[in-house]
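J.: Each chain, letter by letter, is given below.
Number of protein chains: 2
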Amino acid sequence: MAANNRYCVIMGGGIGSRFWPYSRTDFPKQFIDFFGTGRSFIQMSFDRVQDIIPVDHIFVVTNALYAPLVKKQLPMLPEENILLEPARRNTAPCIAWAAYHIAAINPEASIMVAPSDHIILRETEFRKSVIKGFEFVEQHDALLTMGVKPSRPETGYGYIQIGKEQVPGINEVKTFTEKPNLELAKVFLDTGEFFWNSGIFLWKASAIKNALAEHCQDVASIFDKGAGLFGTPGELGFIANEFQNCPNISIDYAVMEKASNVYVECVDIGWSDVGTWGSLYEISPKNKDGNVTQNNKACMFNSKNNIVSMKEDKLVVAVGLNDYIIADADDVLLICPKADEQRIKLIVNEVKSLYGDKYI
Amino acid sequence: MAANNRYCVIMGGGIGSRFWPYSRTDFPKQFIDFFGTGRSFIQMSFDRVQDIIPVDHIFVVTNALYAPLVKKQLPMLPEENILLEPARRNTAPCIAWAAYHIAAINPEASIMVAPSDHIILRETEFRKSVIKGFEFVEQHDALLTMGVKPSRPETGYGYIQIGKEQVPGINEVKTFTEKPNLELAKVFLDTGEFFWNSGIFLWKASAIKNALAEHCQDVASIFDKGAGLFGTPGELGFIANEFQNCPNISIDYAVMEKASNVYVECVDIGWSDVGTWGSLYEISPKNKDGNVTQNNKACMFNSKNNIVSMKEDKLVVAVGLNDYIIADADDVLLICPKADEQRIKLIVNEVKSLYGDKYI
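Chains A and B, in that order, give the protein sequences. Oh and the first sequence: position 222 is 222 in our numbering, straight run, nothing missing. Oh and the second sequence: position 241 is 241 in our numbering, straight run, nothing missing.
The shape of chain A in the complex, shown without the other chains (with noise of 0.2 angstroms):
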């Protein structure tokens, strides 16, 4: 049957630093339960596909620093379904070893390959249009991606413009776009053949091991050296060796932009990818001021349209702030303008420069 070739892989290595400071590099965002309903964004992730797919099926690949992490909040996940990188690589490389790694194991593998720090708000929906991604990779040879239907101008996001439609509701690619502007942003709505790129990707493990080996020799030369060691003992040892040799660049770099090969579903499943402070404010509840307090306790005195994180039991008392971002996580304190939160990353950059690592 089908199904039980069906594999999911979370990808749960990064470090979050548009989130700083409640994002740590030693507690990323994948891991904060940034709504206080109990459940972190990786717990949500893998909570979201364990009922289509069996639990030993579901892979995690994450830095080997947050192991322990992985291992605490994902308890249910058998131990060796973790896989470790040595180095931080971007997505490239990290699908291509869980690629390599599951063909090992089954090669009539299909693999979904999620991020763990998105929100999907639809969940319902969101699983059929996995089980419809999944029986088109079976029966195409294809690298299918899922563009979720723009409900605004976003500018934050990339964008795939469709093509041909070759079944209900999946289409070919015509083009792959960077970050628009807000004005054409808006043409992008308006036309109906832009979606998000969402990072959400389904294909047979032959299929992404075929289009690495032919788009990125870099990467794909590198695995292919470790032939007959993967789903073995040997593996971790040749990962440790080889891993770091891994050129740094995205999947969509290596080859979806590049491969001939590439569809896209067009789904409508509730997605942000809360990449910012700003979009987790719009996708988050808010009273009647416009303020976002989650389950703090807030006294805002004239203030609106805020996002406030601190941690349990703080109470915060704003007088006179608009449009804020308040973010205290114990040793850190940001308050920091919504609109100036690109900034962020630089602050990090600047308070790394003055004080290393002992605040990031």
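Derived from the structure by calculation, the hints contain no laboratory data. Accuracy of the hints is not assured; some may be wrong.
[As the list claims (entries may be wrong)] Derived lysine-lysine pairs resembling DSS-like cross-links, with alpha carbons at most 25 angstroms apart:
1. B:Lys-297 x A:Lys-345
2. A:Lys-258 x A:Lys-164
3. A:Lys-286 x A:Lys-304
4. A:Lys-164 x A:Lys-149
5. A:Lys-314 x A:Lys-286
6. A:Lys-311 x B:Lys-311
7. B:Lys-345 x A:Lys-314
8. B:Lys-314 x A:Lys-352
9. A:Lys-286 x A:Lys-149
10. B:Lys-311 x B:Lys-352
11. B:Lys-352 x A:Lys-311
12. B:Lys-345 x A:Lys-297
13. A:Lys-314 x B:Lys-179
14. A:Lys-314 x B:Lys-338
15. A:Lys-288 x A:Lys-258
16. B:Lys-304 x A:Lys-352
17. B:Lys-174 x B:Lys-164
18. B:Lys-164 x B:Lys-179
[As the list claims (entries may be wrong)] Anything over 10 angstroms on all C-beta distances counts as not near chain A; from chain B, calculated:
19. Gly-14
20. Asn-106
21. Lys-174
22. Gly-234
23. Asn-241
24. Tyr-253
25. Asp-268
[Said to hold, decoys possible] Across the chosen pairs, the derived CB separations fall in these ranges:
26. B:Pro-285 x A:Ala-87: 41 to 49 angstroms
27. B:Asp-51 x A:Lys-345: 48 to 56 angstroms
28. A:Asn-287 x B:Ala-87: 36 to 44 angstroms
29. B:Ala-339 x A:Asn-287: 20 to 28 angstroms
30. B:Ala-87 x A:Lys-304: 38 to 46 angstroms
31. B:Asn-241 x A:Lys-304: 50 to 58 angstroms
32. B:Ala-339 x A:Asn-295: 26 to 34 angstroms
33. A:Lys-345 x B:Asp-33: 30 to 38 angstroms
Heads up, the beta-carbon is just placed ideally off N, CA and C, and yes, glycines get one too.
Use these hints to put chain B onto chain A, whose structure you have.
T.: Same frame as chain A, now just chain B:
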């Protein structure tokens, strides 16, 4: 020798609610080392008199709650010199008790009464002024208050208008004036006749007892009931029973504004009552952007004229904030425009109504 009859009473029972959340009911302003010098306000108040008054002539009157803090911060103070009020009753009952207590020990005593939470920058000048004041009250039946030469048209202080000069630098009092508006404060400054009411008093114990008897029988009659008990083991039981029956009344209202033998010593001692975040801001060293960050690790971007108080080693990053108070006290964070600092007392009440005493 007259100096052997000199005493100092430091009033240290306030709760400093205008400095919330840094100042807390269980650790109020006078016990805080605001400037990171290693000495709290009350320690500095003690330090600045100990060269001119023997330690066993220095008394601290405070609320019973704060006995452990006083003992810890002033370990050299004899324990019997800490007078513990069983209730909060403003300055007149506090001063009355100290006067009755000291008069019982030494009927010839002269006393300087000083708040515990003010700043005096010119300590040598202050000590000279204290000695001159003692000499005056030892030679005259006088209630002497220190009037500070104003350096700016401050609207947050009370003023004393001086009358005829008695001895050089010591004048009769023409009027006591409440906090003026800015226009009036400018006139006060220009005339040269108005001095800030510092709340530092000098008098013989007998003189203040006489004044209380004449002008504030509500208080005097209570302490008169304890005649014969002050300075004996019976005093504590008497205070435990009777102190709470005193009216809540300030010494200014009870005596100073009524008595005819009130004089003002005109001093220039670098005094500030540091009654508000704004006044702390004014007297604190500022960086080139006008930010007061004390000993904190602060990265301020596009931010001017703020005052920041964080617990040691906490990093604050602020972007685009001007003229704010940023005060982090472990379990409470306050972000409030300096111009709105008069709201802080109301905020404390609001927080109390929401969360009880937890954050107060």
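J.: Next, verify each hint and record whether it holds.
T.: Each hint, compared with the structure:
| no. | hint | verdict |
| --- | --- | --- |
| 1 | B:Lys-297 x A:Lys-345 | holds (19 angstroms) |
| 2 | A:Lys-258 x A:Lys-164 | holds (18 angstroms) |
| 3 | A:Lys-286 x A:Lys-304 | holds (10 angstroms) |
| 4 | A:Lys-164 x A:Lys-149 | holds (16 angstroms) |
| 5 | A:Lys-314 x A:Lys-286 | holds (19 angstroms) |
| 6 | A:Lys-311 x B:Lys-311 | holds (16 angstroms) |
| 7 | B:Lys-345 x A:Lys-314 | holds (19 angstroms) |
| 8 | B:Lys-314 x A:Lys-352 | holds (15 angstroms) |
| 9 | A:Lys-286 x A:Lys-149 | holds (24 angstroms) |
| 10 | B:Lys-311 x B:Lys-352 | holds (23 angstroms) |
| 11 | B:Lys-352 x A:Lys-311 | holds (20 angstroms) |
| 12 | B:Lys-345 x A:Lys-297 | holds (19 angstroms) |
| 13 | A:Lys-314 x B:Lys-179 | violated (36 angstroms) |
| 14 | A:Lys-314 x B:Lys-338 | holds (22 angstroms) |
| 15 | A:Lys-288 x A:Lys-258 | violated (48 angstroms) |
| 16 | B:Lys-304 x A:Lys-352 | holds (23 angstroms) |
| 17 | B:Lys-174 x B:Lys-164 | holds (8 angstroms) |
| 18 | B:Lys-164 x B:Lys-179 | holds (23 angstroms) |
| 19 | Gly-14 | holds (21 angstroms) |
| 20 | Asn-106 | holds (48 angstroms) |
| 21 | Lys-174 | holds (40 angstroms) |
| 22 | Gly-234 | holds (45 angstroms) |
| 23 | Asn-241 | holds (38 angstroms) |
| 24 | Tyr-253 | holds (32 angstroms) |
| 25 | Asp-268 | holds (36 angstroms) |
| 26 | B:Pro-285 x A:Ala-87: 41 to 49 angstroms | holds (46 angstroms) |
| 27 | B:Asp-51 x A:Lys-345: 48 to 56 angstroms | holds (55 angstroms) |
| 28 | A:Asn-287 x B:Ala-87: 36 to 44 angstroms | holds (40 angstroms) |
| 29 | B:Ala-339 x A:Asn-287: 20 to 28 angstroms | holds (25 angstroms) |
| 30 | B:Ala-87 x A:Lys-304: 38 to 46 angstroms | holds (43 angstroms) |
| 31 | B:Asn-241 x A:Lys-304: 50 to 58 angstroms | holds (53 angstroms) |
| 32 | B:Ala-339 x A:Asn-295: 26 to 34 angstroms | holds (31 angstroms) |
| 33 | A:Lys-345 x B:Asp-33: 30 to 38 angstroms | holds (36 angstroms) |
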